[in-house]
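Taken in order, these protein sequences are the chains called P and D. Quick note: the first sequence uses the UniProt record's numbering, first residue 1, plus one each step. Quick note: the second sequence uses the UniProt record's numbering, first residue 1, plus one each step.
No lab work stands behind these hints, which were simulated from the structure alone. Beta carbons: idealized from backbone N, C-alpha and C, even for Gly. It is possible that part of the hints are untrue.
[Unchecked claim] Here chain P is said to cover these stretches of chain D; the calculated rule only asks that three of the stretch's residues, wherever they fall, bring their Cβ under 8 Å from a Cβ of chain P: (1) 113–122; (2) 142–154; (3) 209–216.
[What the hints assert, rightly or not] Straight line, CA to CA, 20 Å or less: simulated DMTMM-like cross-link-like pairs of lysine to aspartate or glutamate: (4) P:Lys66 - P:Asp79; (5) D:Lys33 - P:Glu107; (6) P:Lys12 - D:Glu169; (7) D:Lys9 - P:Glu169; (8) D:Lys12 - P:Glu130; (9) D:Lys12 - P:Glu169; (10) P:Lys33 - D:Glu169.
There are 2 protein chains.
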Amino acid sequence: MTQENETRKHPKLVAIQQVSEGWINKYVLTYEKDNGETFTYESVSRKNLEDYTEQLERNAAGLPPKPDAVCIYPILPNDSILLIREFRYPLNAWCVALPAGLIDEGESLEETINRELMEETGCRLRTDLEGPAYQLLPQSGFSSTGMGEENVQVAIAYVEKAGEPQLGENELIETFELSRDEIGRFLDTNTSPIGTRCQLLLEASRRLQVLRKRLALAQNPLTKNDFA
Amino acid sequence: MTQENETRKHPKLVAIQQVSEGWINKYVLTYEKDNGETFTYESVSRKNLEDYTEQLERNAAGLPPKPDAVCIYPILPNDSILLIREFRYPLNAWCVALPAGLIDEGESLEETINRELMEETGCRLRTDLEGPAYQLLPQSGFSSTGMGEENVQVAIAYVEKAGEPQLGENELIETFELSRDEIGRFLDTNTSPIGTRCQLLLEASRRLQVLRKRLALAQNPLTKNDFA
């Protein structure tokens, strides 16, 4: 296994030019090679020039990134997975996805998880469990590293119904549930656009479910008495 | 399970304005609500105005999206996973990721898989297997539906070494391998930025590996003779 924390050598970032402002900012980055030649690369970010510059410096220094958003894999008390269908304007389509949202300034991850769950689904983290009702993956993951630096922290969470969704203006979201045994058929027959994190976490559940069943069978083998 | 292919009602897309051109195009979409009010939403795409417009019409009609790119989860003959570290300009950092790349015009998915494997890692799909050396997930997944329509087809692939990587100019990529038993420790200790698909597929492998081991134990229980 190659596991290194040192910073590898790479072209030097010598300029960051903002070419479009808005909810999505677009930048042109200029890099300089060892031979002195420069070249440019486009990127997008929700961060403004100052924050994006700071982030790129942090990244180059090898500092772990702070997640921009959380994505929640919500498991209901009946062991079903809680999913959403959300109208996504950049796609002009309803998409299958997991509850997710940007982390507000000063908010803890747990606060973001509970707020987004409540806003989008009317659920919250379960309050009847001993210990935490959620598990964070060890780090956040970058959505599309060829285009930008959006990174999202996945949380696997045990949730319960607590009220009605509180959708923002222009937010179009429906919830639905999938039992563990329905996940495979859903993935094989779904034709709606689906988010990457939702798709891959459901695929993991499908495959784990197959092994869980085989394990249960192996641990409870039929005996001669089963045919008696 | 709610599984429907019909198109749900949603605000009507009435205008698409391109506000920035380049390798990344930025758009402002204008939607009209039932009450006649309009509002705008920003998005980004690698597609030009004509192709993006066509894609949004296809999406609204419920037609399944054509993937923009493939992402390969490569399994080596020794059952290790083949990963890459790639310098990602939009992040100013080396990232842990899976071999991946855009599908060229007229290229089949299998051709893209073999081309990207060869370019980035010097590997190709195994040629010693009966039947296909790769499995496609049932559909492609959208990377970041709040920002754009990039969608990526994941392929789980059995690969073999076939030559040396053929990196493009300004492409900085190293390969490394993880055995199944190293995946958990890698995920728990890695501090480099990591791509979402890579992270979630490795997490799935980690959890499947735990169950596989338990299954092997259950199917091969210790007997009194083991202590003889």
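Inset, instruction - Any hints from earlier that this structure breaks? Give me their numbers in increasing order, please. - result: Hints 1, 4, 5, 8 contradicted; others consistent.
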